[in-house]
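Fit chain A to the known structure of chain G by using the hints.
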Amino acid sequence: NAGVTQTPKFQVLKTGQSMTLQCAQDMNHEYMSWYRQDPGMGLRLIHYSVGAGITDQGEVPNGYNVSRSTTEDFPLRLLSAAPSQTSVYFCASSLGGDSASNSPLHFGNGTRLTVT
Amino acid sequence: AQKVTQAQTEISVVEKEDVTLDCVYETRDTTYYLFWYKQPPSGELVFLIRRNSFDEQNEISGRYSWNFQKSTSSFNFTITASQVVDSAVYFCALSEAQGGSEKLVFGKGTKLTVNP
Chain G
2 NAGVTQTPKF QVLKTGQSMT LQCAQDMNHE YMSWYRQDPG MGLRLIHYSV
52 GAGITDQGEV PNGYNVSRST TEDFPLRLLS AAPSQTSVYF CASSLGGDSA
102 SNSPLHFGNG TRLTVT
Chain A
2 AQKVTQAQTE ISVVEKEDVT LDCVYETRDT TYYLFWYKQP PSGELVFLIR
52 RNSFDEQNEI SGRYSWNFQK STSSFNFTIT ASQVVDSAVY FCALSEAQGG
102 SEKLVFGKGT KLTVNP
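Chains as they are written, first to last, in the working numbering: chain G, 2 to 117; chain A, 2 to 117.
Don't read these hints as lab results, they were simulated from the structure. Treat the hints with care, as some may be off.
As the list claims (entries may be wrong) - Not the full set, but computed from the structure, chain A residues with beta-carbon under 10 Å of chain G: (1) S13; (2) V14; (3) V15; (4) K17; (5) F36; (6) Y38; (7) I61; (8) R64; (9) Y65; (10) W67; (11) A94; (12) S102; (13) L105.
Quick reminder that beta carbons are idealized off the backbone N, C-alpha and C, glycines included.
Pulled out of the complex, with its shape left as it was, chain G reads as follows:
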């Protein structure tokens, strides 16, 4: 049972480079999201999706792009990496929808990104 899978685990980029962080889940979850974790800041929501074809911005969306072409995948694109985007990125998913289902948010193991 894979759950939420993030790749890569580690990445080093130079300023200005672009890259895509991959996220896939095999639990047929409608809701997927991306968070970044910075020291002393907790986790902050970047973008989220309530289903295939639907995405929306979270608290800190600038510099990131997302798309949701399938239920399983929710990639996060850094358009032009900046040192301020050095962080640990977590993808998460849940059933979403009716709150009658007691579905917690399941997190991937994170991607540690360094931008030099």
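This is chain A only, laid out in the frame that chain G set:
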């Protein structure tokens, strides 16, 4: 606007001591969900509990217990007879979303160190 405050940045205890992690939240909604997540040194995020705003019953799970008080907007977490394996960063989070596990707003976390 939603806000979660974990005033304790770091706590250090000796094994077998009881420890309480504080969480105070702000929300204008009458329906909301509160969460606790554990992040051990290995970095993954482990779901501990989800509680909705209509259920003020305290919950106990083994050595863990949670005290939800709407009157003080608090959702505190107590570990009884702490163990070294409890050493981790603990996050409290709030969701106002209908699905209950979406668009979580996290506190900044409390780092708990349990010394042998």
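Checked hints:
| no. | hint | verdict |
| --- | --- | --- |
| 1 | S13 | violated (18 Å) |
| 2 | V14 | violated (21 Å) |
| 3 | V15 | violated (25 Å) |
| 4 | K17 | violated (29 Å) |
| 5 | F36 | holds (7 Å) |
| 6 | Y38 | holds (8 Å) |
| 7 | I61 | violated (17 Å) |
| 8 | R64 | violated (20 Å) |
| 9 | Y65 | violated (15 Å) |
| 10 | W67 | violated (14 Å) |
| 11 | A94 | holds (8 Å) |
| 12 | S102 | holds (4 Å) |
| 13 | L105 | holds (6 Å) |
Taken one by one, the earlier hints fail for this structure at numbers 1, 2, 3, 4, 7, 8, 9, 10, listed in ascending order.
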